[in-house]
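S.K.: Starting from the known structure of chain D, fit chains X and P onto it as the hints suggest.
Chains as they are written, first to last, in the numbering used here: chain D, 1 to 432; chain X, 1 to 314; chain P, 1 to 375.
Please keep in mind that the hints were generated in silico from the structure rather than gathered at the bench.
Remember, it's a predicted structure, so these values are computed and weren't measured experimentally.
Using N, Cα and C, we set each Cβ at its ideal position, and we do this for glycine too.
Here are the simulated EDC-like pairs of lysine to aspartate or glutamate, each with C-alpha atoms no more than 16 Å apart in a straight line:
1) Lys-418(D) to Asp-81(X)
2) Lys-133(D) to Glu-105(D)
3) Lys-356(D) to Glu-345(D)
4) Lys-426(D) to Asp-80(X)
5) Lys-331(D) to Asp-116(D)
6) Lys-106(P) to Glu-289(D)
7) Lys-287(D) to Glu-64(P)
8) Lys-320(P) to Glu-69(D)
9) Lys-198(P) to Asp-25(X)
10) Lys-287(D) to Glu-127(P)
Listed next, the stretches of chain D that the computed footprint assigns to chain X, with coverage defined by at least 3 CB atoms under 8 Å from CB atoms of chain X:
11) 68-78
12) 93-106
13) 392-401
To give an idea of the chain X side of the interface with chain D (calculated C-beta under 7 Å), a few residues:
14) His-61
15) Arg-63
16) Gln-64
17) Asn-146
18) Gln-148
19) Asn-165
20) Ser-168
21) Asn-256
22) Leu-261
23) Phe-276
24) Trp-278
25) Leu-279
The primary structure of each chain is shown beneath.
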Amino acid sequence: MKKLFSLLSILMIASLLLSACGTQAPASSEPKVLRVWIQWGDNPQQIQTLFDKYTAETGIKVEVTAPLEVDKILPALTGSEPPDILVLSGGDLVKSYYKEGLVDELSPAIKSGSIDLTDFFDAPLQQCKMGDKILCLPWGSDMYALFWNKDLFEAAGLDPNTPPATMEQLAEFSDKLTKVNPDGTLEQIGFLPDQGWGHSELYTNMFGGFWYNEDGTKITANTQPVIDALKWEQQFYTKYGVDNVMAFSSGWADAYMSGDYPFYTGKLAMYVDGEWMTGPNFISKFKPEASYGVAAFPPPADHPERANTGVASGTVAVIPSGAADKEASAKLLAWMMSPAIVAEEFCFNANLPTSKKAAEDPCFTSNPKFKVFMDLMANPNAKVVVTTPISLEFNDAWTLLEEQVLHTGADPQPLLEKLQADFEPKLAESLK
Amino acid sequence: MDELRMTDQKIWPPRFRKWSRRERDNFKIGMLFLLPWTIGFLVFTLYPMLASLVYSFAVYHARQPLEWVGLKNYIDLFQDDLFWTALYNTLYMVVIGVPLTLLASFFCAILLNLKVRGQAFYRVVYFLPSIVPTVASTILWLWILNPQAGILNTVLGYIGIHGPNWMSNPAWSKPGLIMLGLWGMGNTIIIYLSGLQDVSVSLLEAAELDGANWWQRLWHVTVPMVSPITLFNLITGVIAMFQYFAQAYVFRGFQNLGYPLNSTLFYSVLLYQNAFQWLKMGYASAMAWVLFIIILVCTLLLLKISDKFTYYAG
Amino acid sequence: MTTIPAQYPDPRLTQTEESRQRARRKNVRNFFKSLFSHALISFFGLFFLVPFLWMLITAFKSNEDVFHTPPRWLPYDNVRVEVNGQELPLYNVITPQGEKQLAAVKIVEGVGTFVDPQHPDRVVEYEIQQGETKIATPVMHVSFRWQNFPDAMNRASRPSVDASFWVYFKNSLIIAFFTIVGTLLSNAPVAYAFARLKFPGRDILFVIVLATMMLPYQVTMIPLYLFFNNFLHWGDTFLPIIVPAFFANAYDVFLLRQFFRTIPEEMCDAARVDGASEWQIFTQLVIPLSVPVLATVTVFTFLWAWNDFTGPLLFLTSPKNFTMALGLQDFQSQRTLVWNQLMAAATVFTIPIVVAFFFAQKTFIQGIKLTGSKE
Chain D
1 MKKLFSLLSI LMIASLLLSA CGTQAPASSE PKVLRVWIQW GDNPQQIQTL FDKYTAETGI
61 KVEVTAPLEV DKILPALTGS EPPDILVLSG GDLVKSYYKE GLVDELSPAI KSGSIDLTDF
121 FDAPLQQCKM GDKILCLPWG SDMYALFWNK DLFEAAGLDP NTPPATMEQL AEFSDKLTKV
181 NPDGTLEQIG FLPDQGWGHS ELYTNMFGGF WYNEDGTKIT ANTQPVIDAL KWEQQFYTKY
241 GVDNVMAFSS GWADAYMSGD YPFYTGKLAM YVDGEWMTGP NFISKFKPEA SYGVAAFPPP
301 ADHPERANTG VASGTVAVIP SGAADKEASA KLLAWMMSPA IVAEEFCFNA NLPTSKKAAE
361 DPCFTSNPKF KVFMDLMANP NAKVVVTTPI SLEFNDAWTL LEEQVLHTGA DPQPLLEKLQ
421 ADFEPKLAES LK
Chain X
1 MDELRMTDQK IWPPRFRKWS RRERDNFKIG MLFLLPWTIG FLVFTLYPML ASLVYSFAVY
61 HARQPLEWVG LKNYIDLFQD DLFWTALYNT LYMVVIGVPL TLLASFFCAI LLNLKVRGQA
121 FYRVVYFLPS IVPTVASTIL WLWILNPQAG ILNTVLGYIG IHGPNWMSNP AWSKPGLIML
181 GLWGMGNTII IYLSGLQDVS VSLLEAAELD GANWWQRLWH VTVPMVSPIT LFNLITGVIA
241 MFQYFAQAYV FRGFQNLGYP LNSTLFYSVL LYQNAFQWLK MGYASAMAWV LFIIILVCTL
301 LLLKISDKFT YYAG
Chain P
1 MTTIPAQYPD PRLTQTEESR QRARRKNVRN FFKSLFSHAL ISFFGLFFLV PFLWMLITAF
61 KSNEDVFHTP PRWLPYDNVR VEVNGQELPL YNVITPQGEK QLAAVKIVEG VGTFVDPQHP
121 DRVVEYEIQQ GETKIATPVM HVSFRWQNFP DAMNRASRPS VDASFWVYFK NSLIIAFFTI
181 VGTLLSNAPV AYAFARLKFP GRDILFVIVL ATMMLPYQVT MIPLYLFFNN FLHWGDTFLP
241 IIVPAFFANA YDVFLLRQFF RTIPEEMCDA ARVDGASEWQ IFTQLVIPLS VPVLATVTVF
301 TFLWAWNDFT GPLLFLTSPK NFTMALGLQD FQSQRTLVWN QLMAAATVFT IPIVVAFFFA
361 QKTFIQGIKL TGSKE
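For reference, chain D alone in the conformation it holds in the complex:
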């Protein structure tokens, strides 16, 4: 027992000493390791290899952690050991983080690293701007388009090379592509509007609006475009029976990165997904024999001018306020944004390059399916997901509303009214 007690005291002293050392570690000494956290990343080894080049150039070691669950990011930002650079899957939470004092405004970093803002595509950069402040820098971008299974089109008597031209026609095609078993359950479904995750930002933009106004100063949830979009999405559930569709599609999201994904197994004929699907890590890896087409999502019949509308979202890099050495973070950020690095990383991952110079790389232009997405980003109709400082909480409320409308067949209008009423004061408060 005495031995145990002396052990205890030694341990306590040691732990206190260790923690004391931890807190008093001088920030002025040369940073040993820069920590980069990346929310996405199916191949962390490749990203690490990329950042090893920075080590080769500068001698500063970089440690990459990817992928990360969103729930793990906030505790790190509020905690005492945030990473030196954080790469988020989307820009939608950056303003919330900034408001909470978790991330830095980037002007000093842009200046010290002489980052050329004109080299960025406009749409992705837009999501980082709050007034004249720049809170993040896009690092690769995403666009969404319609994917269709050519075999199923053929089997249903449709031309496998002609996707629907309007949203109305898409619904007609979907009816033709939906097969019901004798017992009433589904065998195949034509279109699922929220396969994988919700895509309401695309549909609402197609109907000519969004749930925020353009500069993010007002909530416009209870407006016609939003209602129309939700009702349009809802029909694919109500027509085929909400319970039927839910039963049929449950568990599909689990199979996203496997050969059992419903789009590959012929259970789902059309759906919306991002550019990475056309790259080497998805369809050609999990289902090389799939025969599929990709095209811009169609506009509604009465608004042909909205053709080729895409909504840019995607990866952005931020510097956490608690980062130990901001100067080192800024240098690394500038290196990440250089066209050569952008080209290398996003060629590999098949994401849209955010640097205009990088976009000239043949790897982005040679694959005709990938080019569909490149054209969407360069198109003047390209939109951006408008975000606000209350996105953190609003997004969860929106996800719930979308679930209620699609998965229970609820009427969207009263729900939107409630959402509008709940969040109007919160947004006003946050913009004060």
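M.R.: Just chains X and P now, kept in the frame of chain D:
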């Protein structure tokens, strides 16, 4: 729980008088032995309690200064739909899940108390799931409840039942979680089993001589004899259920917390979400205090009601 | 008992036909009663056993078999054959010459390149999906895929930051070890004071100890999070999880106190008369007598620390510091849901506890009874 009663009488009402030298020495020695607990209590219990009480009257985001707002958090809380949803979900588990677990545990304990050969093996089988770590067992049940390739719906299919979508149907997600709880109720079974083994044999034999059948003996002898255990299990079960978190956190997979349709948004999950996802730490602290009060009231209520129904031998 | 047991016949009675028949009837009745009991216990036992087995079975399934509907009760795998020095998967292919078993060299853009294992030089190409019919299906056989276990380790691991599955395992062990040390060292003296020392204020303090059992963790969670992170700067270390264990907790104090009270008071009094100090009585008399209950505390603390999810979730942020519980949840939350590997990982996570259980079965059961006992 007897402890509480016994000590209650000794310490209340308190008597104030000057301590003798001997008492002072004893106090010093006693406090030396209690040192680890005293420090722990002050630093890890009392301070955080008071701090969270202070936060609960303020708007507080981790990296920004505290802003005093009085009762606003509490008022907002009672007007928050999510709060009521979470409270409903939690009460569902408390009112249905906890009694069901007790009943099933009692039933299993009776089975395991039957005089048959190989009982030791059966007991291990019934007990083993309870030591599977929560995260592992929750993931395992997600897989079992999988509507396509899961075995539960397959087995139900054998007897002609078309199983529901356990994880994506809001009406079935909580029953799914209760089932997960039933699978891991080995602890409660063992506690009941030890209670059954303590039930006096002579009392049961006397009842049999008086012509009581199996059911009457169970209802009039065994159930009252194990009632203190039921009370203990009930109170610990209710307290634990109000703090139900890890299973729900893991159960939604990579969907947002509360999936599907906020049907697994339990009180502690919403509290976590407010504190660490929306960074409303003041609001979350108010939630924590409301939870504390609910647990306190429930426990005292159960103790009060149980006075009438609990039988203490000796 | 009113009937005379058959094996002890009353010597005053001769073995009449009637009594023999009665004994036989009783035997038959007992046999059916026992059969019925076994059936009942086994039936409900399936609810506990089958999920456990399903975890193991799935852990051995191949990727092709995991999502097979309806699920199969044994793990299947694609048959592989060696052709030209390469291990290739075998397919049932409907060729114009009838159904054949061919090995697939590659499958690209809906076109499969196959080779006949009997004639390694004959290479043919077929479109796999021809209209409604699938012309090539893999040949499956029962096979336990041990490779899932190393695969799961790699999959869950993040090599670039030195966070492999074994690191999670090691982290869990470190945390469990220090939590056990802390719990044993801090709770025993406190429990002894409450059980055997007499000093003013003892009882009211004990009521406070018991009352803290009712305090939900959520009340202290937020301030503790801020205290450890922003005041002590212990973010992303094991310290916020380990250090509180060194300062006693209500459950273990209660458990140990219950046991210490069963040690005869006279023994302590005798030692006191001999001039032993309370500390000597505690360390030299009480502790050696308490080895069984300390074992119980050890086992339960291990179980609790190994199982804990909320603590690591709050305080550990970088993957190289994750515990098994957090690592497994992290693995599951990535969109790469591979159930066979997930189940393999869950099995690895569970094994230490099952081993601990079989080594210390009595201690386990005793501990549960102690916590549940009313006295």
